[in-house]
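If you read the sequences in order, they're chains A and B.
Going by the numbering used here, the residue at position 43 of the first sequence is 43; the numbering climbs one at a time, nothing skipped.
In the numbering used here, each residue's number is its place in the second sequence (first place is 1) plus 1000.
Chain A is nowhere near these chain B residues, computed Cβ spacing over 10 angstroms in every case: (1) 1008; (2) 1017; (3) 1021; (4) 1104; (5) 1141; (6) 1202; (7) 1243; (8) 1266; (9) 1295; (10) 1350; (11) 1477; (12) 1484.
Not the full set, but computed from the structure, chain B residues with beta-carbon under 8 angstroms of chain A: (13) 1177; (14) 1414; (15) 1447; (16) 1459.
In case anyone wonders, no lab produced these hints; they're calculated from the structure.
Quick reminder that beta carbons are idealized off the backbone N, C-alpha and C, glycines included.
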Amino acid sequence: MNARRTDWQDLLFGLFLIAVAGIALAATRTLSGGTAADMGPGYMPRAIAIMLLAFGLWFSIRGLRRPFVGIAPVRLQPLLAITASVAVFALSATRFGLALSSFAAILIASLATREARPIETLLFALGLSAAAVLLFVKALALPVPIWPGAWF
Amino acid sequence: MELFDNLLIGLTTALQPNNLLFCLIGVVIGTAIGVLPGIGPIPAIALLLPFTFGLSPPSAMIMLAGIFYGAQYGGSTTAILVNVPGETSSVVTCLDGHEMAKQGKAGTALAIAAIASFFAGTVATVVIAVLSLPLAALAMKFTAVEYFSLLVLGLIAAVVLAHGSVAKSLAMVLLGILLGLVGIDVNSGAPRMTFGIAEISDGLDFVPVAMGMFGLGEIIANLERPAMMRVVSQSIRSLIPSRADLRAAFPAMVRGTVLGSVLGVLPGGGAALPPFSSYALEKKLARDPSRFGKGAIEGVAGPEAANNAGAQTSFIPLLTLGIPANALMALMIGALMMQGIQPGPQIMREQPQLVWGVIASMWVGNLMLLVINLPLIGVWVSMLKIPYRLLFPAIVLFCCIGTFGIANNLFNVWLMLGCALLGYFFIKVGVEPAPLLLGLVLGPQLEENFRRAMLLADGDFSVFLRRPISATLLALVAVLFLLMVFPAIRRSRQEALAE
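Same shape as in the complex, but just chain A (with noise of 0.2 angstroms):
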């Protein structure tokens, strides 16, 4: 083990660029290439990604040559919390309405800190949904059904 070695930031970027130009070969293997005086649609894909691919092993070589460069540790907290948080809005809005899932989105969202002071947050998330709703349906004329069952 030659932990005082990697560098872990160009190494996964490596890796990470790398794993995308294995994507877009994979995905575009059926496309034509055809010639370069008449391009088919696999073409300019193709030549990124070999060229995606080249960046991606040098920086792997070069990460895993250079002296350590560490990643900053990830906190699970805000990560989670903030996904959590788009990802009830993208469930809920359609089906539940505008005002719930905007409801529960700032109240999940708070969550990624500890300073978070529940019944501020509480109060807070009441004010800015009813806002959100004024502003975005009301106003803007949003598609969006504001409570469930409801499309007007």
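For chain A, the structure is supplied; the task is to place chain B on it using the hints.
Just chain B now, with coordinates in the frame of chain A:
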């Protein structure tokens, strides 16, 4: 005088009551965003894009441009009062501006910053008007060959002159181009990399990508850092600078404006480069450089002027050539495309009201900022007191509703979430996401022009070197690469970009 005719067209467009209103809305929103830390102009403009669809193209662009330069104003206000730069471009203003505030001269610093910005904005408006015509005339000679080379130059220059590792930024540009190719190929009708998802057959929408990477990804990363205590203690006594202050600031203002106007035109030079260079210049020219960092008024006036001049002249490549100088300008291009206007050299001839209206509105908007901002300073200061714990859930919600609003489609919300996680990953591995956005917006054009050029030249790659304009553009690309290889120049670039 074609120039005056054009400015007249612009002024009549900009002074229409509804456009004045949108300009005002734009600069007020922009200032608010500049004041609030944690939300930059990129997610803000992305957020508001869907709501500009109903407007006429000039009104939409006038408002979006107003947000952009309004944010620069707001950013310097927080820099001076609380030593927190609202935007990267106002990092330098913190140095001497906040020092002046500590000495009880907050009002003077704010006034000088506003006057310098207004002065620079006025000059830059004229610079844009003068430079646009010859550039657009040149661009009319462009065929697909020249246009491809120009796009390459634009992308490479944006990467080299912006901050961050050049190799990583290049990789990000390529990644952006690849993402830009997703969707149905216009020439053959074949779906590419859509994975059977109907929503992306028209290509990935750049608004959710921008909001996810610049808005949400940034929030997640911000929340990991310990909360900062911001104290606004300075009371603002007099907003009117003394004559001695003005005399000391004026030459710096002029130098900053010139420097900013030149650097702003360069791709990638939009945000950080002008104020940093201006600060370095003022320090070098000063009789007593030790005053800098201790409240030197030139250290506020020069960079603020450079900042605003640069922000405005970065519209030149966008309006004349259809090339965005930075990620923000890429969003503007996206806004144009959503309005059904293909950006490029023809835009000046076909849409004079749009182009000149936006140019004239910048001057009008700068005047508005000067008039509304100084009296309203108390309002902005009180906005600073909004705690981040309330701010970020609101941003998350508005991002969700905004992305939904683009096409009334929840797929975009999921796309934004994916891009947020991707953006968070990029922050963790220390990669700038801005080049990706440039690639995403320019990718389809790049491919289209490349294919057309190759078709015309029958697959002969040397055509890019045989055409004189194209060869010159590519030679510039080569020069940029050489500059990056030379260690001495690389070092000075790092010094210029270091804080």
